[in-house]
Every structure is written in C-alpha cells, then in structure tokens.
Amino acid sequence: MSNEAPYVDLDDLVSRIEAGATLAVPPDYSGVAMAATRALVRRGTDRLHLVACPTSGLQADLLIGAGCVATLEAAAVSLGEFGPAPRFTEAVRSGAITLKDSTCPAIHAALQATEKGVPFLPLRGIIGSDVLRHRSDWRVIDNPFGAGDPIVLLPALAPDVALFHAALGDGFGNVWIGRRRELVTMAHAARASLVTVEEVYDGDLLADERMAAGTLPAIYVTALARQPRGAWPLACADHYPLDAAHLKEYARLARSAEGFSRYLARHAPPRAAA
Amino acid sequence: MSNEAPYVDLDDLVSRIEAGATLAVPPDYSGVAMAATRALVRRGTDRLHLVACPTSGLQADLLIGAGCVATLEAAAVSLGEFGPAPRFTEAVRSGAITLKDSTCPAIHAALQATEKGVPFLPLRGIIGSDVLRHRSDWRVIDNPFGAGDPIVLLPALAPDVALFHAALGDGFGNVWIGRRRELVTMAHAARASLVTVEEVYDGDLLADERMAAGTLPAIYVTALARQPRGAWPLACADHYPLDAAHLKEYARLARSAEGFSRYLARHAPPRAAA
Amino acid sequence: MAAYRAEELLIAVLARLLDGARHVAVGALSPIPGTAALLARALSGDSMRVALLGSKRHSDFTDGGRELFDCAAQGRIDTLFLGGGQIDGEANINLVGSGGYPRSEVRFPGSFGSTFLYYMIPRVILFRAEHSPRVLVPKVDFVSAPGVGPEGVYRRGGPVALVTGSASFSFDPARRRFRLESVHPGRGIDEVVAATGFDFDRPASAPVTPGPSPEMLALVRGPVREQIGETYPQFAAAVLDPKS
Amino acid sequence: MAAYRAEELLIAVLARLLDGARHVAVGALSPIPGTAALLARALSGDSMRVALLGSKRHSDFTDGGRELFDCAAQGRIDTLFLGGGQIDGEANINLVGSGGYPRSEVRFPGSFGSTFLYYMIPRVILFRAEHSPRVLVPKVDFVSAPGVGPEGVYRRGGPVALVTGSASFSFDPARRRFRLESVHPGRGIDEVVAATGFDFDRPASAPVTPGPSPEMLALVRGPVREQIGETYPQFAAAVLDPKS
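Residue numbers (my numbering), protein chains in the order written: chain L, 582 to 855; chain Z, 582 to 855; chain P, -16 to 227; chain G, -16 to 227.
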C-alpha cells in the first residue's frame, strides 16, 4: 500500500510500449484496453510481438491491420459472433505476420512458468498435433518419473508489457480485476503492466477483504490511466456490454483494406490528423 | 450453481477421511478446521499422511500427539509465537513419524502440478541442500532449454482429501475463501475437499462479482459442515482472533505426554467418553 | 414443414448425447452446442454442470482462463463439445486453416484449447453444422489435435461422436473410423455419403434422427434461450426467438 | 543503563541494513526482523514495500501462499530476513534440527521457504538473537540452504550479512567467509570470538554498533509497535510497549 499511484494520461501510458516489444493482451471477454489500443495505433508503434492470453479478437485484428504487429502468438483470433477477424486472416494469407500458433493451456502454462521463475512448464496433450510440429521452441522429453511417457515442455513466456482494462483502480495503484485472474497471471509474468481503469475507487482496495480477493496489488502495476469506456466497443464487466452494432460494422468494413482504412481514419487517426 | 449443497454434520464430514488417507491442511493463518480436527482425533482415524500446505502448527501437533499421523510432509511445524510444536518435536525424536521435510514453494508447486494434471513441476533453488538429499522422490535434470543448468523436478502431490475452515459457504456449496488462495490450490489438487464454514451465506456467492472473486466453486467441494467457531482456538478471518491464552496453555501442557493426554481428555475425548 | 427449426433439431441431438453427463464444457464460438448443454442441464433438473466459455453466469469458474483446462486435467469434466474447420475420417480436427501453413489460403481462428482438451476429456462430441466435402475431408490440412494416439502418448479421452447438419456418427478409436448412427429428417443416406469426404461404416439402413420433444422445444424457446442470450445475443435473438 | 532495550538495538541495526531496499520480505517467526522492516518502511516515507508473512494488513499479496515465492522468483523482492537454528562460517543455514536426521535430538520447525529464497533474493540478511557456539557452529548438522553455490547451479542471491545479539557481520560469497563489522554496545570482541563456533575475518579493532536514533525509538514504541502487533501481539505487548 506504499508509493504514490502512478496515474498518467493515455498517450503517456502507451508511450511506454516500445516498438518491437512483446505485448501481452487478454481475451475479448476479460477487459481489453481498446482506447489504449487505438492510442497505440495512432502512435504508430510497430514490430510488436503480440501475445494473446490466450486468444484475441478486435484488438489483435486492429493492431495487425494497422501494421503494428510483426509476430502473433495466439491460440485463436476471431471476432466471435461477428465472424472471422478479417485483417488477421488477410495477414496470414499475405504472410505479413509471423505466426506462433499455440493452444490455450500452453499460453497459460508458459506465462505461469515466468510467474514461478522457472525456465519451462510441462503440459499434457499436444504430441501428435501440427501445433507442436511448427513450434521449434517447444521440446518433448521422456517424463523422468515414468517410463516411455513423452511429455511436452513449454519454455517460459516473458512479455515486456501486459496491457489491459479493469473496472477499478485505487489511489495506491491497486487494480480490481474480480475473477478475471488471467490478468493476474499476465501481470505477474510481464516485466511491466499498463492498465486503464473505468473508475477510480475511493479508498484502499486491499483494506476490504471482499475487494482484496479480486485485487491485483500495485506491486505489479507500472502505470495506470483513468479511461472511462476504455474497453469500448468491447464489454467492461458490469459497466457496459459490447457494442454489437459497432462490431458488425467493423467486421463489414475490415473485409477490405480500403474499408479498414476508413475505419481507422474515423476511430484511430494518426496523431497529426487528430 | 447446480446441485444441492452437501451439508452434513461434523462427524459425518470427518468420517469421509479414511485411515491412511493423504490429508492436506492449510497453514495456521489460513483457515484451519480445528473443530473437525478434534472430531478426527475423537474418531481415532490413524495412519494419516499429513501434508501441511506448506506449514502447520496446532493442528499438526494435535494429530501427531494423538497418534493419527504416520507420515508428515511439511516445510515447517511450529506454534509460532507460542514456541516449538511439542508433540511434533517429540515424535521426531522418538521416530514415531516418517518425515518428508520440504520447503514452502515446493509444496505449492507440487500441488499445482496436480492442479494442472502434469506429473511434475520444476523449481529453482534446492540443489545443494540436505532437503533434496533426503527426498529420493525428487529428481534433478539438466534444463533442456539451457546447458549445464541443473534444475529440480518435483513430482505431483495429490492429496486424497483437503480439509479447511472458511468464513462462508452458500446453499449451493460454494465457499468464500477471500484472498486465501492456497485453499483454492489445495482443493483443485485434492480428490475431495471437506470444508467447515463459520456461517451460511444467504444467496449465491457466484452471483455477486465481488464475492465471486474470492469464492471456491462448489465443483471442488465434496461436503460441508456448518461449524461456528470452527477454527477455534486458531483465528477465523475477520470473525475472531486466535485464542492466545488457550495456545499458551496448550504449549505448556503438550510439553509432556501426560499434559497432552489431559488436554486431549478435556478437548477431544474419545467418542465413548464424550 | 417441420414444427421446429434446423438449429432446434441439432440442439436436441446434441442434448441427447449429454444424457448422464455430469460436467459439460463448451468452448468459444459454439452457440448450438452451448444451447444444447444448457438444455441438457435443464432436463437433468439442474444436476448437470455446464461451463460455457465466455459466459459469466453459466460458468462457475473463478480462477481465470486456465481453470477450464486445469479442471479438465483434474478429471472433473467428462464431456466437451468441439468444432472443426476440417474433420477427417480418423477424427483428426483442423481449427487452424486449409491450403498450406503458415500462409493458409483459408485461415480459421486457431486451435483454441483443442490441442489439449481432445486428449484429456473422456467424451468429446464433434459438431459442425456444415456437412460438405469441404469440411469432412479425407485428411485434414493441419492437425490441431489428432483423433487417436499417437501410441504411447498419455491420453484419457477423445472423440466419441460427430454431429453435422445432416447426420449423427459415432467414433470407434480402436478402428479409427466413424459409423453412421442416424440421418436427420429430410436427408437421404446417399446424400450423406456424397457430402462426406471420407469413408465411414454404415448399417444397411440408417434410422432417422428423432426430432426435439415438445418439452425440449418449450425449454429452448423459453428459459434456455434467455440463458444462452447472455453469451450469444445475436444467436438467441435471430435463431431461437419463436417470433423472429 | 542504556536508554533502549536490547531488542530495540537489534531492530535499529536491521533497519539500517535495509537502507535503499525497495521490497523487503520477512518470513514466519520473525518479530524483530518484522519490526525492523516496518521501521525502515516508516523511515523511507512509506516508499519501501514490506511483505510480512502471516500478516493481512502488512502484506499486499492476494494470490495465496505461493505469491511470496513467485514474487521473489520474478525478481520483485530485493531483501529478505532469514533466521537459522544453526549457522556456520560458510553461511549455510539449518532450520531443521541438530543431532542427526531424521531423528534429530533437537528438532527446529523446518526449512520454511529458505531452501528456495536463499538462492533467489539478492540480499538475504541472517538474524539470530542468540550468539553462542551452539548456534554459530563450524558446520551445520543439516543444510536447509547452502550459503554459496553449488557451482553451476542457478543462483541470483544469497547472504550478505549476519546480525546477532552481540555483533554484526558482512558475508563475502567469493571467500565464503564472514567479516566482523561491529560489536554491539557492552560486548567485547574477545567475547564475540569466544561465542562464535567458526572462524571469521576481523579488523584490528571493531567499531561499536550505533544505537537507535531518537526518531527510530519513537517510531518503534509508537506506530510501528501497533503495526507489528497485528502479527506478533505477544511481542508487541511484552517487548515493545514502553510501559511493559
């Protein structure tokens, strides 16, 4: 509960994500920092190694379409009910991004390896899949506690930055994430965590045991920005649902490069034009 | 949120712990089911493989003194401010129990291995200690992602039963554990979890996102008993602090076998005498 | 004209396959399987557990995104629905893409958790509405997860059935083959054979898949529709609403 | 007679060793180190973080018992206090027992997290109030954690100092030796040598350990006493209360 809470403005927040950084982001239902993502696009930060923890949607599609992403590590990218992620699909076809296809529990476990300070974590399944065949960074060993029992080892995944949106942050820099504990693992594994919050909580989130149970302590939070509707057009917990009309329109526009450019010009114009 | 909550009485609850079972219990500050422990002693359940997750105090001392424990796996056992755990110390001296000395993060990680369904988890440190020298069940391998980098592998630790006390349980069998998440790992790793609760929560703990964040879902809860002051003489979250006078008296009595017998006769008399 | 929609038939077929299941998991992008699971739960008198990925109300998980996978690894989930961009005759599934890798001509979303769950959950039910040679192929272009084996690899589950918009199949891992169990009303067996890119076992005459019971329809159009609407609002409104 | 108690001196000595620390962890059964950490935090204007095992109010952790160890593994904790039933001249520590294993004649509580943290936290400060040949031995009977090495084993931290009721030492891992830094008021250097079961480096004349400043005493007897009282009520009441 020590230290002044490091609240900054949105542009300052995203300026801490350097070109070429390994950037971890949560799934669409978990608190996506969409306002910060648009700020990142406006800024033109590129060559990102984007890690979806473990899947992504609009956020990945936007960053890929805007040319911010060099490498994508994910278990899946889609717009959910609104169909395939068009810029992702197109980037795969054109070879514009390097793919590290993964599977959900592998991304969780690889982040947990970094959380625990170990070089790898084992995981069942996977052997016999083409996911493994294309991951030269994964290893198969014989389980030292068994015999003739091959098992996959996943190397620790250490993002430079975790970026997400949460309902509440307090004046000490603690962030309430509720039961979205994939955000906790991301923050533990990342060297720095940047968080936008819907509201500032008046008090100490760690002082009330009920709130503390769902709180990521400030230890792991590098900087915060207050950003009402910071997840829009995606949902933010109990604050607002996703904006279905907007996502439908995005899915339609992003089908073509021209449509996507129009979308960007409207929602994330380059800084000079803003 | 399905299923009827399996509330039973205390004796029924502890009858589900069979002689010879591997029993996981939390540290003294985390919600210890002391009333259930006394019921277990009264019942005379023996040959337990007791796993402290990762340390224990009064509970382990009581079970060891009463002859319920064959093997103890722990990172430490002590009465904290009240001194050494006398029956534990005496049982070590006399060789009455088999010791599996461990270290806190090893117990956490070995439970996480079972939680994740993997046969082992790696852990840093440990090499060069006598803890490792006496654990023939642990292995050292060369890190497959490095070179000349030995690392310990801990085999998964799978308790038959986890036993603990929590502040709240609801009518669906969900249990509120707040930020005492070692209870979550224990319950995930154990085949069955038996829980005593201080109070029954009127409503669904998973329906309120603030409570849900600190809730162990009923999926992992095998049976519950309502047991007000169920952690006494240890503390229960915000409900009551530990009973220092009682612990002082215990520490004094338990120094001798006779004193301990007197304590047992008063607080956990055998069933026939009760 | 039938008294129910095509989707309602599929929901009923999938729900019947859940008879006796205790804990059913439904992955992302699965409105029909999700509805089937919630229907089966309602039919079980709420004694069945359902974990619906992406849902807050119809998921009991509180330990973050990994809990579904950890829970499956602990053996606490007995049944899973999975889809596939391509499925082949040995029940290999492809959720990644067709026409080359990594530069796939047609890219699917990705493997999600299939590369793990297909090995770990005792009963996996494959579902894909489209029944065509494009989906049901002789050999998948990318194996997100293999239907069987490999030999010697730890595995405690796998595919037991495949339901499409035209038919229901069971799967025999020992013979690595599907077997036709029933053909949906209005479809012919020859039509199914022609639309399937792989060979499969079949009885001389396949029974017709039974339609949803009135009780099922009432639940799907009533309380279950509302429940699934939290996670799939478009689907609940456009497909399940009797007024739409 | 000194204007402070022996415990208050030790608290001051330990707090001074925390100068510049950013995140200090204190294990179980450590009232004096715990008080020192809370004092150092107060002196830092609350810019230092303290994680006090067993405390609810003076721990920011919300991820269960493993978080302290995970947090250390992530490199987020720079300083740790550790005790030892026995400590030897190479800074090996024994928290398990003396006189044989497993049937130790004198059993200590156990290794706690030392077998991990001693390797992982950059600065570990050893503390033991009792300064006797029984505690400070030539070679520990059981190595809960080694002071140095073994060679080739991943290690990013270890012992930097040892404080006892009689003196302060620094530790040089390259030479595997302690060096006497100061002797506490009222103790003589010969007395320290006689009470230490291992050999150590020492200057020709060792300085006297400075006592607590008035500011330190005021904090320890006031707000810090109340803070430590949550975790160590007996200690706060019996030792730190100026009225006791």
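No wet-lab data here; the hints were simulated from the structure.
Please note: incorrect hints may appear among the correct ones.
If the Cβ cut is set under 8 Å, some of the chain P residues that face chain L in the computed set are [what the hints assert, rightly or not]:
#1 Gly48
#2 Ala56
#3 Gly80
#4 Ser81
#5 Phe125
#6 Pro133
#7 Val136
#8 Phe181
#9 Val191
These stretches of chain P come out as covered by chain L in the derived footprint (C-beta under 8 Å, 3 or more residues) [to be verified]:
#10 15 to 26
#11 212 to 222
Derived SDA-like pairs: lysine to any residue, alpha-carbon spacing no greater than 25 Å straight-line [stated by the list, open to error]:
#12 P:Lys226 / L:Glu662
#13 P:Lys122 / L:Arg714
#14 P:Lys39 / Z:Gly784
#15 L:Lys829 / P:Gly72
#16 Z:Lys829 / G:Gln217
#17 Z:Lys829 / G:Ser196
Predicted model only: the values in this text are computed from it and were never measured.
Just so you know, even glycine gets a beta-carbon here, dropped at the ideal spot from N, CA and C.
Evaluated hints:
no.	hint	verdict
1	Gly48	holds (4 Å)
2	Ala56	holds (7 Å)
3	Gly80	holds (7 Å)
4	Ser81	violated (12 Å)
5	Phe125	holds (5 Å)
6	Pro133	holds (4 Å)
7	Val136	holds (5 Å)
8	Phe181	violated (18 Å)
9	Val191	violated (32 Å)
10	15 to 26	violated (count 0)
11	212 to 222	holds (count 4)
12	P:Lys226 / L:Glu662	holds (21 Å)
13	P:Lys122 / L:Arg714	holds (17 Å)
14	P:Lys39 / Z:Gly784	holds (17 Å)
15	L:Lys829 / P:Gly72	violated (36 Å)
16	Z:Lys829 / G:Gln217	holds (11 Å)
17	Z:Lys829 / G:Ser196	violated (35 Å)
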